[in-house]
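Residue numbers (the working numbering), protein chains in the order written: chain A, 1 to 229; chain B, 1001 to 1270; chain C, 2001 to 2218.
A few of these clues could be false.
As the list claims (entries may be wrong) - Partner residues are not named here, just some residues of chain B that face chain C (Cβ under 8 Å, in silico): (1) Leu1058; (2) Arg1060; (3) Asn1061; (4) Leu1083; (5) Val1086; (6) Gly1100.
I should point out that these hints are in silico values taken from the structure, not numbers from a laboratory. We put the beta carbon where it would ideally sit given N, CA and C, even for glycine.
Each chain is listed here by its residues.
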Amino acid sequence: MHYVFQFGVVWDNWQRLLQGAVETVQMSVAAFVLGLLLAGMCTYARGSRSRVLRSAVRGYVEVIRNTPLLVQLFIIYFSLPGLGVRMDADEAAVVGLAVNFGGYATEILRAGIEAIPRGQTEAATALGLRRWRIFRHVVLFPALRIAYPGLAGQFILILLGSSVVSAISAEELTSTVNTLQSTTFRSFEFYFAATAIYLVMAGAARVVLDGLFWLGFERGRPKLGAAGR
Amino acid sequence: MNRRDLVAGKTIAGAAALTALAATAQAQATAKTTLDRILADKKIRITAEVTSPPFGTLDRNGQLDGSEIATSRQLAKDLGVELELVQVTAPQRIPALLAGRADLAISSLSITLDRAKTVAFCNPHGALSTVITAPKGKPIAAPADMAGKRIGLTRGTLEEAAVPKGAPAGVNFVFFDDIAATIQALLSGQVDGAGMSAFAASSVAERNPGAGLEKKFTVARAYYAPAVRQADHELRQWINTLVFLNKQNGVLADIYEKYTGEKLPDLPVI
Amino acid sequence: MSRDFEWPEFVFLLLAVRWTLALTAVAFIGGGVGGLAVALMWVSQFCAVRAVASVYIALLQSTPLLLELVLGFDGLAVLTGVRLDPWPAVALAFTLYAAAFLGDAWRGTIEAIPRAQWEAGAALALPRRHVLQLVVLPQAVRIAIPVTVGFLVQLIKGTSVAAIVGFVELTRAGQLMVNVTFQPMIVYPVVAVLYFLMCWPLSLAAGRLERRLATGRG
Chain A
1 MHYVFQFGVV WDNWQRLLQG AVETVQMSVA AFVLGLLLAG MCTYARGSRS
51 RVLRSAVRGY VEVIRNTPLL VQLFIIYFSL PGLGVRMDAD EAAVVGLAVN
101 FGGYATEILR AGIEAIPRGQ TEAATALGLR RWRIFRHVVL FPALRIAYPG
151 LAGQFILILL GSSVVSAISA EELTSTVNTL QSTTFRSFEF YFAATAIYLV
201 MAGAARVVLD GLFWLGFERG RPKLGAAGR
Chain B
1001 MNRRDLVAGK TIAGAAALTA LAATAQAQAT AKTTLDRILA DKKIRITAEV
1051 TSPPFGTLDR NGQLDGSEIA TSRQLAKDLG VELELVQVTA PQRIPALLAG
1101 RADLAISSLS ITLDRAKTVA FCNPHGALST VITAPKGKPI AAPADMAGKR
1151 IGLTRGTLEE AAVPKGAPAG VNFVFFDDIA ATIQALLSGQ VDGAGMSAFA
1201 ASSVAERNPG AGLEKKFTVA RAYYAPAVRQ ADHELRQWIN TLVFLNKQNG
1251 VLADIYEKYT GEKLPDLPVI
Chain C
2001 MSRDFEWPEF VFLLLAVRWT LALTAVAFIG GGVGGLAVAL MWVSQFCAVR
2051 AVASVYIALL QSTPLLLELV LGFDGLAVLT GVRLDPWPAV ALAFTLYAAA
2101 FLGDAWRGTI EAIPRAQWEA GAALALPRRH VLQLVVLPQA VRIAIPVTVG
2151 FLVQLIKGTS VAAIVGFVEL TRAGQLMVNV TFQPMIVYPV VAVLYFLMCW
2201 PLSLAAGRLE RRLATGRG
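Produce the entire structure from the sequences given, and follow the hints as far as they go.
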């Protein structure tokens, strides 16, 4: 096969590729923050006395972890409008990614919390701290420190996994190259370039996340809020 | 057998497999034309895009159906070879051909200048027009009315190329990777209107009366044709001959009329 | 005339499940062989061999599955002229993906075996290869089972991405059925349930195996 590579056409479109990459990062960060909030609420609900609430969280986690992200996105974008819940593609993509990540993050936080010795919460209770304060200071923050590597790994997975949201017409890097290749027919060059950009983004994200871990947990006093930012 | 033998064995097997792969590549690159291979294997692989009625659909039993499927079956029969339909999405029609997953694309591929730079078209075997379709309540009578509306288009289609050209500023185009997704978005109200072939628009409207869809305006007209990879001159000549014969004997006209409900227009040749 | 989502449409989805399972099986077996090779390369004494394994894992784990699939789908033909049918092309892409994941996971389990055992083997003048084969691997396999079963779930779900390039498996079948029934509210949840029925038992098994391993060791 006489295929002549023409990477010039990729270079001509560098601004659109860059914009796509920025959209991918924005979408991933938004999904990460939302998903982490969701997971925090689920983790709190998991410790509640209500059996219904606990089963609901368990059900959510199991459904999310045992069905594909793509099908979850289809349900949010194509099925929910039938129930009157309508989001545009970019919103549906962020919500889909967040709900998906939330399921995994709930599990990661649970593992983190289970690693906290029970004696610590008991000690805090004995000190007369309120339930919410115990949860926040004695359970959630130390658990976040343990859970951080797992959550950071999940962020990379969101970044890479977000490539499938082009299937519901959301705009990010993969959908940008889909459009570019369908008009220029230089599919290999564009997909190759996009893959390289994802590789760089994933590498950069790892460096940033490691840096945040150091800033948040290792340096001086353990200030844990940095995890979500 | 110790581990060293195992590892050595695996290395040799791997090297052998690589050599075989390279040899196949060599053989495919030099010796045989695609037509030779089709005749030797007694099998032709043709793209099938089944989310675009009436060109390609699925019948009640999940079997592939539609005018392009019928055309593919006819050409394979004429060639005297077995037909393997390779399912693709609309944007994958040309990539599937270029990557060699299919020998021939017959999936209502309109002849356009951009595509002609990448693949070689045979003589056309049908004609279509691209329209904007939307629910009756949406006031979209002309291209200018699309401003501020969300218009769904499928990547890698005629409408993707044609609709934005005549559109005013401020249209929110929403691009999908699959005609199925574009239609679903239209029916679920995720887009205000969508571009697709006039036949597909009628078919979707008819199959889904509740949505109250109607054709708003015509964007482009085009002839669609089988396409081959640019080097496959022999195959293209064969397909041209078969298209010619099936035009003469009325088979193509019958297929067109059966699926679209319209008379086959006069078809020019390339 | 739109048709409803009835028995024949459901059967269409059920029949598509076999393609999801077949693709998963091929990728799992191919990925298992490849993964073992990658894991063994990682514990090699030669740094060049280790580098190849680590670069392979890093590349495949830092790029989206969808693009690996698209590049595997088109890239092979473009780069080498080898033209594969859709089935082998998709199977190859998922095999490479699975090999990277399993290679990394199994490397982890091999490294989890205490260093002292290698040293003990060396002290007994056993060749490195024998220590690996007789001492390390049998223990590593036991640790590797839960994560491997867990990956099977990830692989089943991952095959849904093939729908985007038009490969007919369960998710694509769902799209096709939505396109003829126009009932996404029913079809996609049914698709989700079918995936759940495939994945959940495996997830439960993986969790159970993991707990058994944890208690067994402690």
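Hints, one by one, checked against the model:
no., hint, verdict
1, Leu1058, "holds (6 Å)"
2, Arg1060, "holds (6 Å)"
3, Asn1061, "holds (7 Å)"
4, Leu1083, "violated (14 Å)"
5, Val1086, "holds (6 Å)"
6, Gly1100, "holds (3 Å)"
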